[in-house]
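There are 2 protein chains.
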Amino acid sequence: MIQTPYLLFLGDAPDQLAAKVAQGIKDWRPEFAIGQFRMNGCKADMGLPDMTLSEALEAGAKTLVIGVANRGGVISPEWRHVLAEALLAGFDLASGLHNLLRDEPELAEIAKAEGRVLHDVRVPSVKYPIANGVKRSGKRCLAVGTDCSVGKMYTALAMDAEMQARGMKATFRATGQTGILITGDGVPLDAVVADFMAGAIEWLTPDNDDDHWDLIEGQGSLFHASYSGVTMALVHGGQPDALILCHEPTRSHMRGLPDYGLPSLEEVRDLSLVLAQRVNPAVQVVGISVNTQHMSEQEAESYLSDVEARMGLPAVDPFRHGAGRLVDALAVLD
Amino acid sequence: MIQTPYLLFLGDAPDQLAAKVAQGIKDWRPEFAIGQFRMNGCKADMGLPDMTLSEALEAGAKTLVIGVANRGGVISPEWRHVLAEALLAGFDLASGLHNLLRDEPELAEIAKAEGRVLHDVRVPSVKYPIANGVKRSGKRCLAVGTDCSVGKMYTALAMDAEMQARGMKATFRATGQTGILITGDGVPLDAVVADFMAGAIEWLTPDNDDDHWDLIEGQGSLFHASYSGVTMALVHGGQPDALILCHEPTRSHMRGLPDYGLPSLEEVRDLSLVLAQRVNPAVQVVGISVNTQHMSEQEAESYLSDVEARMGLPAVDPFRHGAGRLVDALAVLD
Chain A
32 MIQTPYLLFL GDAPDQLAAK VAQGIKDWRP EFAIGQFRMN GCKADMGLPD MTLSEALEAG
92 AKTLVIGVAN RGGVISPEWR HVLAEALLAG FDLASGLHNL LRDEPELAEI AKAEGRVLHD
152 VRVPSVKYPI ANGVKRSGKR CLAVGTDCSV GKMYTALAMD AEMQARGMKA TFRATGQTGI
212 LITGDGVPLD AVVADFMAGA IEWLTPDNDD DHWDLIEGQG SLFHASYSGV TMALVHGGQP
272 DALILCHEPT RSHMRGLPDY GLPSLEEVRD LSLVLAQRVN PAVQVVGISV NTQHMSEQEA
332 ESYLSDVEAR MGLPAVDPFR HGAGRLVDAL AVLD
Chain B
32 MIQTPYLLFL GDAPDQLAAK VAQGIKDWRP EFAIGQFRMN GCKADMGLPD MTLSEALEAG
92 AKTLVIGVAN RGGVISPEWR HVLAEALLAG FDLASGLHNL LRDEPELAEI AKAEGRVLHD
152 VRVPSVKYPI ANGVKRSGKR CLAVGTDCSV GKMYTALAMD AEMQARGMKA TFRATGQTGI
212 LITGDGVPLD AVVADFMAGA IEWLTPDNDD DHWDLIEGQG SLFHASYSGV TMALVHGGQP
272 DALILCHEPT RSHMRGLPDY GLPSLEEVRD LSLVLAQRVN PAVQVVGISV NTQHMSEQEA
332 ESYLSDVEAR MGLPAVDPFR HGAGRLVDAL AVLD
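If you read the sequences in order, they're chains A and B. If you number the first sequence the way this note's numbering does, the last residue is 365 and the count never jumps. If you number the second sequence the way this note's numbering does, the last residue is 365 and the count never jumps.
Please keep in mind that the hints were generated in silico from the structure rather than gathered at the bench. Check before you lean on any hint, since a few could be wrong.
One copy or two, it doesn't matter: identical chains are merged, so the pair holds either way.
As the list claims (entries may be wrong) - Below are the EDC-like pairs computed for lysine to aspartate or glutamate, each with C-alpha atoms no more than 20 angstroms apart in a straight line:
1) 158 / 221
2) 143 / 359
3) 158 / 365
4) 166 / 290
5) 166 / 337
6) 74 / 140
7) 74 / 109
8) 93 / 216
The whole structure should be built from the sequences, with the hints applied where relevant.
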């Protein structure tokens with residue numbers, strides 16, 4: 032568990048998009064985001080108070096979270112002295128970057144000497160079990176997509192927020208770096224060793240109250256030639272009661288695979304159901320979450336009503352319209 | 032690549048079954064197996080000449096392969112002095128055990144000082160790429176099973192042997208520890224990090240002659256809740272032209288999962304085809320390999336002819352009848 036609240040490190044982010052980890056924390060766990068730390072030339076702004084390290088410490092911050100990714104996912108030399116200073120001042124550090132904080136000799140040395148924790152959320156810190164497939168109590172909802180990066184994390188976070196607002200029992204279960212930094216906990220599934228993938232998801236979503244929902248962050252796609260094995264482990268390890276299909280309609284090919292078109296929503300529905308029924312015969316596809324960011328309001332409305340009629344399921348863009356109807360749809364499992 | 036030929040270390044194997052790695056090498060790569068090394072109390076026998084370390088070295092052996100697994104997969108204290116002596120005498124060591132040769136301080140030290148190689152085939156030694164899904168030249172056959180340990184490796188090795196005997200171009204591609212020790216090369220897929228599983232299989236089965244077949248060792252099962260993600264990566268990374276369904280008819284539940292029955296051959300056929308078509312629309316299921324070791328000759332014959340009629344595909348037990356008809360069946364892809 033990463034200690035909260037956070038000071039968000041935006042570094043020298045070239046634009047707002049480069050700071051999408053910080054944006055995610057600001058959007059979904061605003062109570063964790065006490066302030067932002069920006070260096071010269073930073074073009075991102077979360078609308079949070081700009082703070083020095085000592086101001087943030089005084090305000091209660093416990094961890095400096097690297098909320099920015101630069102090209103190649105590396106820790107740039109310009110950042111290094113700020114990170115070292117933060118450790119010395121009393122912060123833990125958290126990062127989802129490819130090159131690890133622990134592999135920076137200076138940072139590792141200071142952290143050890145000062146008793147600070149370096150959270151490299153890209154690598155697992157737990158020895159996960161082999162999955163046993165035993166039915167668990169409580170309910171689970173998994174977002175499955177036609178492709179990578181179509182809004183699966185956003186959908187689960189939006190449903191979690193809606194369920195909290197309604198006073199329902201729900202927990203967002205992070206399975207990727209950004210999700211883990213947002214919530215402070217989770218499984219970095221793409222970095223787990225193959226044999227333990229499904230077991231890691233069972234571990235992440237244990238027995239719970241009968242009326243509790245785990246909202247499991249999806250990864251990859253069953254139709255994505257690079258990452259389908261990761262998605263498969265989520266379906267079998269997650270033992271979902273409810274599936275939400277996620278889609279981005281303007282994409283012309285699978286992310287990173289120019290030769291591969293996207294599957295239809297029907298294909299994703301049918302394959303996901305066959306696979307999920309293996310671990311939970313009662314599983315149902317309950318709704319469709321469409322990322323309409325590249326469509327006009329009118330295009331989006333028309334597309335969503337077409338999909339809704341065609342599939343016989345509620346189809347919404349949770350960013351435009353909220354996740355209320357997706358949460359309503361979970362009631363079919365009661 | 033592990034240097035051949037081998038001296039097979041049988042240690043103090045309590046029975047023949049404990050030495051199944053050695054048996055596999057003896058059965059499938061007899062030219063690699065120069066002799067066996069047995070300690071007091073060893074109950075396994077490969078029918079190879081018993082040799083001392085120096086006799087084996089003189090006969091040309093390069094690597095001492097641990098061909099035995101004891102309970103827990105550990106390196107027992109009784110073995111350790113033999114392994115140390117072998118390193119000092121001039122052998123490399125190869126092992127598929129869970130606890131690693133490199134983690135034994137004495138062995139690591141001697142290997143370093145003497146310039147010997149410790150091959151721990153359970154852990155990857157290559158930085159695999161992310162899969163790109165691009166169509167490769169040459170042909171690929173993958174064995175997919177109703178369960179784990181139903182004879183997928185045996186089937187691929189038997190087909191490889193048959194194809195070599197016929198003068199066809201073929202390569203067995205190992206994806207597990209035993210297969211790697213048998214052939215000296217391969218990918219230990221269950222130990223690969225999730226994001227790189229499919230890429231590891233693409234790496235293992237690169238572009239080849241149009242009339243060359245890779246015979247890819249299968250792992251797990253698409254229907255096994257613990258390991259299905261590994262199997263999925265084999266289907267998408269392997270880009271198979273031909274699928275062989277593997278089955279063991281007397282099993283009452285999935286290996287390690289007492290609550291799970293086995294899927295039907297039809298279910299495995301249909302799901303495997305849908306998934307494999309994503310990366311190779313021309314893929315076909317060409318045959319069925321049945322492990323009939325727990326059936327009488329008459330039961331086996333009757334079962335196989337029933338399956339053959341039901342599925343409309345050649346159904347054989349390659350151990351009883353050879354893999355000839357499975358190899359014949361590949362011709363439908365020409």
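Going through the hints against the structure:
1. 158 / 221: both (15 angstroms within a copy, 15 angstroms between copies)
2. 143 / 359: Cα proximity of residue 143 and residue 359: none, with 49 angstroms in one copy and 63 angstroms across.
3. 158 / 365: Result: close neither inside a copy nor across copies, 34 angstroms intra and 47 angstroms inter.
4. 166 / 290: Answer is between; shortest inter-copy Cα gap is 9 angstroms, intra-copy 39 angstroms.
5. 166 / 337: Neither way: residue 166 and residue 337 sit 36 angstroms apart in one copy and 35 angstroms across, limit 20 angstroms.
6. 74 / 140: For residue 74 and residue 140, neither the intra-copy (31 angstroms) nor the inter-copy (52 angstroms) Cα distance is at most 20 angstroms.
7. 74 / 109: within (15 angstroms within a copy, 64 angstroms between copies)
8. 93 / 216: within (15 angstroms within a copy, 48 angstroms between copies)
In summary, the structure is inconsistent with hints 2, 3, 5, 6 from the numbered list given earlier, while agreeing with the others.
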